[in-house]
Amino acid sequence: MKNIEDILKETGGDGRFQLIFITFVTLPRLPMMWIMLEMSYANYVPEWCCLPDNQTSQSEESLAQSYCYHQNTNISMFSKSCTRNNSTCDQKFFTTGTDTIVNEWDLVCDKKWIVPMATSIQMAGVLVGAFLGGQLADWIGRKKTLFVSIFVCGVFNIVGGFSVSWEMFLSMRFFIGVAIGGFLVVPMPYMMEFLSPSIRAFPTLIPASQFGAALMALTAWKIPDWRWLHWIGGAIAIPTAIGYFFVPESLRWLTVQGRIEEAEDVVKHIARLNKKPVPKDCVDILKGIADRESQSASKRYTYIHLYKDWNLLKTSVILQFLWCVLSMGSYGMSFSAASLGFNLYLNIFIMNMVVIPFNLSLTCLVNNIGRKKSTMIFLIVSSVCGIGNLIAHLVISDKYTRDLTINILSMIFRGAQTTSWSAIGILSNEIYPTVIRGLGSGALNTAARIGGIVAPFALNLEDRPVVAFSLMAGLMAVSVILVTFLEETKGLAMKDSNLEDQEKTISAERDPREVSDFKSADDHIELTDKVKESHAIPISDDEVHKTPNQKHFGFENLVYDDEDEKNTQL
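Residue numbers for the sequence shown follow my numbering, so the first one is 947 and each next one is one higher.
Hint data in this document are derived by calculation from the structure and do not stem from the laboratory. Quick caveat: nothing in here was measured; it's all calculated off a predicted structure. One or more hints might be untrue.
Here are the in silico distance ranges between beta carbons for each label pair [unchecked claim]:
{"no.": "1", "residue 1": "L1428", "residue 2": "K1057", "range": "24 to 34 angstroms"}
{"no.": "2", "residue 1": "L1438", "residue 2": "K1168", "range": "39 to 49 angstroms"}
{"no.": "3", "residue 1": "D1255", "residue 2": "E1434", "range": "34 to 44 angstroms"}
Calculated lysine to aspartate or glutamate pairs in the DMTMM-like style (CA-CA distance at most 25 angstroms, straight line) [said to hold, decoys possible]:
{"no.": "4", "residue 1": "K955", "residue 2": "E1210"}
{"no.": "5", "residue 1": "K1038", "residue 2": "D960"}
{"no.": "6", "residue 1": "K1222", "residue 2": "D1211"}
{"no.": "7", "residue 1": "K1057", "residue 2": "E1210"}
Even for Gly, the Cβ is constructed at its ideal location relative to N, Cα and C.
Work out the full structure, taking the sequences as your base and the hints as a guide.
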């Protein structure tokens, strides 16, 4: 039976339409990752020192010159100590040239907890957004969920730049996180639903997110002000929402929703841009898929349907664990960029650009050796780097050598770990049917945000490096084992309905000599028990094909004449 894969193939599964579509859906990933990683700069703690209290006769700069530097030299004495002469320090001096939320609202000492909390609150917002976005993507469609999230995120980011207190800032970061979460669940399944199997992995490998983060780092280097980073990020995010007027709703989603006329218009649009004819049986194929889905007991799916049977339960739990762990590693390393030593801006830049060569290698692997093996290779590399970091921290005594070794291994860890996430992301979006693909993406992104919330505390390289490096190595190793239990999706057609799994089960139980390609309901017959018992080969109570204008039914070399078999029911 033909399906949407065949329609896409006949209308050009990798033509001009797909190029335009991928461009409009991928481009917003650049500003969205910029906005997501603004916290890697905003929560940076500049050098500071404690000044004596009740010194009103001197300016802050003169006090800093007296108490924060050696006399007659420019050697720094910024100790970041919260006390001076055994008394609590109420007045502090932060080095100039770096404006973050830390020196903006004096978030050190007794307010130190606010810094990681700001990141966790943002990730909590992403969690909420991912949960809502997954449901909305299957309820109102991929297109509306995607572009509304982009616009809302840009607006809140600009407003966040005008925050007058850390309480307002944290509130804005939560709503920014909600919008980011709603965005993150959509692009991959949305794009993959329009692509043929041969190029389905391609969008995942486009380094738009990495370029966004790297561009943010370079901008922060030239404009070291958290407010300007927010304003610029919002200003480049909002225009990318214009794609709403140029890309159609998901063909697969429209079909399973029973909106056949709209789905047909999308097929015509694809065929026109790719300069291909519209398949003659297009409407029949779409109606067949819609009718099959209409037979399902569930007209509106919820997250519960991700755990309805054993196979879905196993797959969903494993994937959610993997996404949680991979998110923890990725964002934990990103938000700890300042703790790796050397230059903060350079760390953020390299940490994101190093992903590009890893992604290029994944391009070669994912369609040759499959999604599972590709994921396992990069997870193993990540685990080895985590072990290397732990050994370097415990064994190497020279600070410069230790920091350099840890920095290099951390960059490799980030590249391999993020690439393994890309590979598992391809598999994740291929493994769920269209009717619950948005929900699956929402559940996985929700699990990922749990990892992101935990990351600033679990992977705290500044305060608990041994725990952080041990977790890096151990969790990646466990992930390698879990990947082996997943289904390989390389080269398989994407399912549209949950009923397709049931049909596969029936097909597997059916005798291989039965013919299962029927043309219409009029061609179906049912054999009686007498007919089945008269042959050594067991035959199920299923449908067999009757050739038009013939008076017999064929099972390859076995022929039964319907005039001789009085009990055969047409």
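Okay, the hints, checked on the actual structure:
1. L1428 x K1057: 24 to 34 angstroms: Taking Cβ atoms as reference, L1428 and K1057 lie about 40 angstroms apart, which means the hint is violated.
2. L1438 x K1168: 39 to 49 angstroms: holds, 47 angstroms
3. D1255 x E1434: 34 to 44 angstroms: Violated, since D1255 and E1434 (Cβ atoms, about 19 angstroms apart) do not stay within the stated range.
4. K955 x E1210: holds, 15 angstroms
5. K1038 x D960: Violated, at roughly 60 angstroms.
6. K1222 x D1211: holds, 14 angstroms
7. K1057 x E1210: Violated - the C-alpha atoms of E1210 and K1057 are around 58 angstroms apart, more than 25 angstroms.
Checked against the numbered hints above, the structure breaks hints 1, 3, 5 and 7 and satisfies the rest.
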